[in-house]
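Peer 1: Quick note: the sequence shown, position 146, residue 148 per my numbering, numbers continuous.
Please note: incorrect hints may appear among the correct ones.
BS3-like cross-link-like pairs, simulated, lysine-lysine; straight-line CA separation at most 25 Å [what the hints assert, rightly or not]:
id: 1; residue 1: K136; residue 2: K28
id: 2; residue 1: K136; residue 2: K26
id: 3; residue 1: K26; residue 2: K209
id: 4; residue 1: K208; residue 2: K145
id: 5; residue 1: K208; residue 2: K132
id: 6; residue 1: K210; residue 2: K26
id: 7; residue 1: K209; residue 2: K136
id: 8; residue 1: K136; residue 2: K208
id: 9; residue 1: K28; residue 2: K208
id: 10; residue 1: K210; residue 2: K132
id: 11; residue 1: K210; residue 2: K28
id: 12; residue 1: K86; residue 2: K132
id: 13; residue 1: K136; residue 2: K86
id: 14; residue 1: K132; residue 2: K209
id: 15; residue 1: K210; residue 2: K136
id: 16; residue 1: K145; residue 2: K210
id: 17; residue 1: K28; residue 2: K209
id: 18; residue 1: K28; residue 2: K145
id: 19; residue 1: K132; residue 2: K145
id: 20; residue 1: K132; residue 2: K26
id: 21; residue 1: K26; residue 2: K145
id: 22; residue 1: K28; residue 2: K132
id: 23; residue 1: K209; residue 2: K145
id: 24; residue 1: K208; residue 2: K26
Here are the simulated distance ranges between beta carbons [to be verified]:
id: 25; residue 1: I139; residue 2: V6; range: 34 to 42 Å
id: 26; residue 1: I128; residue 2: F202; range: 20 to 28 Å
id: 27; residue 1: G147; residue 2: H31; range: 16 to 24 Å
id: 28; residue 1: K145; residue 2: N96; range: 33 to 41 Å
id: 29; residue 1: V6; residue 2: R85; range: 37 to 45 Å
id: 30; residue 1: H31; residue 2: G106; range: 34 to 42 Å
These aren't lab readings, by the way, just hints derived from the structure by calculation. None of these values were measured; they are calculated from a predicted model. Here a beta-carbon is modelled for each residue, glycine too, at the ideal position from N, C-alpha and C.
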Amino acid sequence: MAIVLISTYIQLLTFLLSVLCWTKYKHTHLRSLPLYFGVFAFIELFCFHFYKHDNVWLYNLLVFFEVNFFCYLFYPYVGRSFRKIVIALAVLFNVLSGFIYSFGYCDFWNEHCAYSYVLGIFIILIVIFKVLVKILIVNSYTKLGSSLLFWICFGFLIFFATSLPLFSISNWSNLLGEYNKNISLLLFFSVIISHLILIFGFLWSKKKYTY
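Using the sequences and the hints given, assemble the complete structure.
Peer 2: Below, the structure is given as structure tokens:
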């Protein structure tokens with residue numbers, strides 16, 4: 003219970019800092035970040051305190067929001083030649099996920115859908131990796147640490163790369179004993195580490211190095 007509480011409230015802290023530091027990046031395409039962090043912080047708090055059971059449909063819905071949001075957020079930063087691919091990946095995700103749910107491969111309301119999760123995370127990782135490569139090419143080492151875009155990419159890269167194998171598990175309820183505990187701890191630490199990176203990025207980044 004304690005680890006869930008910590009991981010829930012660190013997401014709230016990240017949301018608050020994304021709002022407080024908004025003047026650093028309001029001139030950029032990252033200005034919609036508080037929307038993302040706000041939605042996730044609200045859902046985590048709501049489910050932790052009030053909606054603890056039968057909420058899997060809400061997280062399935064969040065996957066649609068998350069994948070489309072990241073494709074939108076990073077679209078200007080992937081390079082002109084890769085932008086059509088980002089659009090194609092977003093369309094592919096929505097079509098395949100709709101197909102998975104429509105034809106009964108997963109129960110949207112009652113079942114964690116590993117197919118949709120894994121596909122979505124894989125697409126997000128492709129987009130983030132492309133942005134990071136672009137950042138490393140155009141920025142010097144001294145400017146890199148002051149770029150919020152870099153820290154956002156790095157933080158989410160850590161989280162999604164770590165959680166990808168975890169979200170591939172189709173039925174968490176079948177995991178028992180130590181294995182279940184270890185999976186939960188790994189997911190907890192990936193959330194904590196990634197959000198500490200994001201928090202550091204909001205505090206350390208400089209307005210003139212964020213574009």
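Peer 1: It remains to establish, for every hint, whether it holds in the given structure.
Peer 2: Comparing the hints with the structure gives:
1. Distance check on the hinted pair: K136 and K28 sit about 21 Å apart at the alpha-carbon level, within 25 Å; holds.
2. For the hint pairing K136 with K26, the CA-to-CA distance comes to about 21 Å; that is within 25 Å, so the pair holds.
3. Annotation: proposed proximity of K26 to K209 holds, straight-line Cα distance about 5 Å (limit 25 Å).
4. The suggested pairing of K208 with K145 holds, with an alpha-carbon distance near 9 Å, which does not exceed 25 Å.
5. Between the alpha carbons of K208 and K132 the distance comes to roughly 22 Å, so the proposed pair stays at or under 25 Å and holds.
6. The straight-line distance between the Cα atoms of K210 and K26 is roughly 8 Å, inside the 25 Å bound, and the hint therefore holds.
7. For the hint pairing K209 with K136, the CA-to-CA distance comes to about 19 Å; that is within 25 Å, so the pair holds.
8. A C-alpha spacing of about 19 Å is found between K136 and K208, which places the hinted pair at or below 25 Å, so the restraint holds.
9. With a CA separation close to 12 Å, the supplied pair K28 and K208 stays within the 25 Å bound.
10. With a C-alpha separation of about 22 Å, the suggested pairing of K210 with K132 holds against the 25 Å cut-off.
11. Straight-line distance between C-alpha atoms of K210 and K28 comes to about 12 Å, which keeps the hinted pair within the 25 Å bound.
12. Proximity of K86 to K132 is assessed by CA-CA distance (about 13 Å); at most 25 Å being required, the pair is judged to hold.
13. Straight-line distance between C-alpha atoms of K136 and K86 comes to about 16 Å, which keeps the hinted pair within the 25 Å bound.
14. Distance restraint check for K132 and K209: the Cα-Cα separation of roughly 22 Å lies within the 25 Å cut-off, and the hinted pair is therefore satisfied.
15. Restraint check: the Cα-Cα separation between K210 and K136 comes to about 18 Å, which is no more than 25 Å; the hinted pair holds.
16. Proposed proximity of K145 and K210 is supported: the alpha carbons are some 10 Å apart, at most 25 Å.
17. Between the alpha carbons of K28 and K209 the distance comes to roughly 9 Å, so the proposed pair stays at or under 25 Å and holds.
18. Restraint check for K28 and K145: the C-alpha separation of about 19 Å stays at or below 25 Å, so the hint holds.
19. Proposed proximity of K132 and K145 is supported: the alpha carbons are some 19 Å apart, at most 25 Å.
20. This hinted pair checks out: K132 and K26 have alpha carbons roughly 23 Å apart, not beyond 25 Å.
21. The straight-line distance between the Cα atoms of K26 and K145 is roughly 15 Å, inside the 25 Å bound, and the hint therefore holds.
22. For the suggested pair K28 and K132, the alpha carbons sit about 23 Å apart, so the restraint of at most 25 Å is met.
23. Restraint check for K209 and K145: the C-alpha separation of about 11 Å stays at or below 25 Å, so the hint holds.
24. Between K208 and K26 the alpha-carbon distance is near 7 Å, which keeps this suggested pair within the 25 Å criterion.
25. Separation of I139 from V6 is about 40 Å and conforms to the stated range, judged on CB atoms against 34 to 42 Å.
26. Checked against the hint of 20 to 28 Å, the C-beta distance between I128 and F202 comes to roughly 25 Å, which is consistent with it.
27. At about 20 Å, the CB distance of G147 to H31 agrees with the hint of 16 to 24 Å.
28. Taking 33 to 41 Å as the suggested C-beta distance range, the pair K145 and N96 conforms, at roughly 36 Å.
29. Taken as a hint, the range 37 to 45 Å holds for the pair V6 and R85, whose Cβ atoms sit roughly 38 Å apart.
30. For H31 and G106, the hinted distance range of 34 to 42 Å is satisfied, since their beta carbons lie about 38 Å from each other.
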